[in-house]
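Chains A and B, in that order, are what the protein sequence lines are. Under our numbering, the letters of the first sequence match residues 1 to 341, in that order. Under our numbering, the letters of the second sequence match residues 1001 to 1329, in that order.
Heads up, some of the hints might be wrong.
Now the stretches of chain B that chain A is said to cover, found in silico as 3 or more residues with beta-carbon under 8 Å [said to hold, decoys possible]:
#1 1019-1025
#2 1050-1060
#3 1114-1125
#4 1162-1175
#5 1258-1268
If you are wondering where the hints come from, they were derived from the structure by calculation, not from laboratory data. We put the CB at the ideal spot given by N, CA and C, even for glycine.
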Amino acid sequence: MFFRTRRYFGKHEVILALVILTISIAIGLVNPAFLSVATIFEILRGSIPLSLMGLGILPVLLLGEVDISFVGIAAMTSLVSHAILTKIGYASGLWGYAVIALPLGAIVALLVGFISSFFRLPIFAVSLGFWLMLYGFNLFFISPEMRFDLPQGLVGFYSNFLVKVRDPVVGETGLHIGVLYVLTAAIIMWFLLRYTVIGRGFYILGGNRDVALRTGYSSVKLACVAMAINGTLAALAGIFHCAYRRFFDPILFRGSELQVIAAAVIGGVSITGGKGSVVGVLLGVLFVQVITRGLIYLGIEPTWQQFVIGCLLITFFFITSPRLRLLGGRLIPVFYERRKK
Amino acid sequence: MKLRITGFSIVLEKRSLLLVGILGSIIIIFGITTPRFLTYPMFRVITSQCAEIGLMGLGMGLAWMLNGVDLSVNDAANLSALTAALTLRHLSSEVSAAELLLSYMVAMATGLACGTLNGILIGYLDVPPILATLGGMTLYRGISIAVTKGKAVSGLPVIVTHVGRGVIWAIPVPFLIFVVIYILMYLLLNYTSFGFKARMVGVNPRASYFSGINYRKVIMFVYMISGLLSSIAGIIIMGRTRSVAYEYGTQVYVVFTLLIVNLAGISAGQYGVTAAVLATITLQVLSSGFYTRFMTLQGGPFFNNFLWGLFLVMVLIFSQLLKHIKIKL
């Protein structure tokens, strides 16, 4: 049992979990309201869209690729499904949106994956083009304005709680049903990555491309499946976010693509591929959420929040820098090469 | 990329020549189909607007050449412009040219500082460029927001518009600055030892280390130059809009610079400065051309985003296909 714990404590995800815990406790010491059940529920609710998108981008990152079109897919599928449903007078809940948006998202993402792998292009470049096309499509062909005309079935979605809680600071809140979506997606992803050939294929192709190709994995098939998953989950995140905020936005998530990737990388997913886990992604998203919300609870003015987050990030990079650790934490030798060997 | 001297192969293999061809075709097509396209006002609009995104694109290209990214180009530009604007605010209301230059020096110093931070994180601390520049971007934006309390700084002295909207010999000043920077970058990357080292580091950092190149220092200087270019872009933005806002270009400008970089075929160790400049001009021509064409249509300005995306995918596919075609003349 003892050696097992040693191995676990060096793992990135465990360290991150401890960091999150430490930061939460620290914030809670300053402002006890932060450690209430209501706050935890709020944090969970806030991390739903990011978690879904993070889980979606995970297979792509494992392949060693980067994709930014998923935000455009989320925006386009949510807006298009909304446009179609309002036109036919739809009045029910989220299922109608899911039926249109999710397959649509999968198809568009599949297209990106296919074009990339077939023409031997990096997914990033093609996704860049699609990012522009999707938002341009939204703004030009569908609607340049936000749409507030929600169907009857979606009214009250934002308060669709599983467990309700009343809190003096936040008011009535609860564990939102969206958390179930995330959990389901996470469990499916975990199973896929661990127990299926394709799931493990992501790790292999990202870890050592030549070996994977010679073993018989098809880079086209893996790219397409990874992107299809990405598109589906992004679409789900999109319709969820719109239903929650009670309006449909043509430029939904635009600019947030980097945050999702950053959250995943913080969670231990390697940008060069081959390394990463579902737990890591979720922890990374949680980390971002805790810090963003924690700043509010610490009473830091809104105009200073970005600055504080930036400073925290830079400090975080300083501290976790592999090279600094290599040099035993001494700062000056960073600028000189080691002469003795 | 090898330059084979057999007829058409040169066009097919060198991205800058391909872009010249594309640009020429686009201009011809627009000239025929859109009225008032081949006129001086159009030329002026196109050239005055492509400088700011072009400079940021050159900066991003530098980072891309080293297998990294510089996501902070836009926010570094805005922060640099902010420092310039604040310097001007502290001077007399009648700002002389010397004082203007001083504010520009302050802006460029800010840009260099931003780039240095990025460079230290990426070059010396081995932080992944995406994360490092994301942190830098957040920090620079955070400083801008904190200093301006979220409000835009407007009402700057008229003298700044000489740089943003001025015209010398019928060519807009921003474009002249862009051309000068282009020449300097071309000379830097192709005719200096630093440029050579930078290319080598991009291709293979480990091999360059064994060849005696201080690759960490090279990486840091490259990001410093990127920061400097961003600051100049910020100066031009300030000159054109006569104001400074922390949110100028956010959400989209970084993606546009990535667009330029990918269109120009920049990759590890390969940086065609000419291709990058041509890509910028082509995109601007496309954008302005379609804007005049679809101005009457509702939501016309958004169509160019769609078009840029389509254009990128087409060019990418096309250039991949070209690699498999060998023409013998």
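Structure-based check of each hint:
1. Counting residues of the stretch 1019-1025 of chain B whose CB falls under 8 Å from any CB of chain A gives 0; the rule of at least 3 is not met.
2. As drawn, the stretch 1050-1060 of chain B meets chain A at 0 residues by the rule of a beta-carbon pair under 8 Å; below three, the given contact is violated.
3. A stretch counts as covered by a chain when three or more of its residues have a beta carbon under 8 Å from one of that chain; for the stretch 1114-1125 of chain B and chain A the count is 4, and the coverage holds.
4. Under a criterion of three residues with beta carbons nearer than 8 Å to beta carbons of chain A, the stated coverage of the stretch 1162-1175 of chain B fails, only 0 such residues being counted.
5. For a cut-off of 8 Å, the count of residues in the stretch 1258-1268 of chain B with a CB near a CB of chain A stands at 3, and the three-residue condition holds.
Against the hints set out earlier in the document, violations occur for numbers 1, 2, 4.
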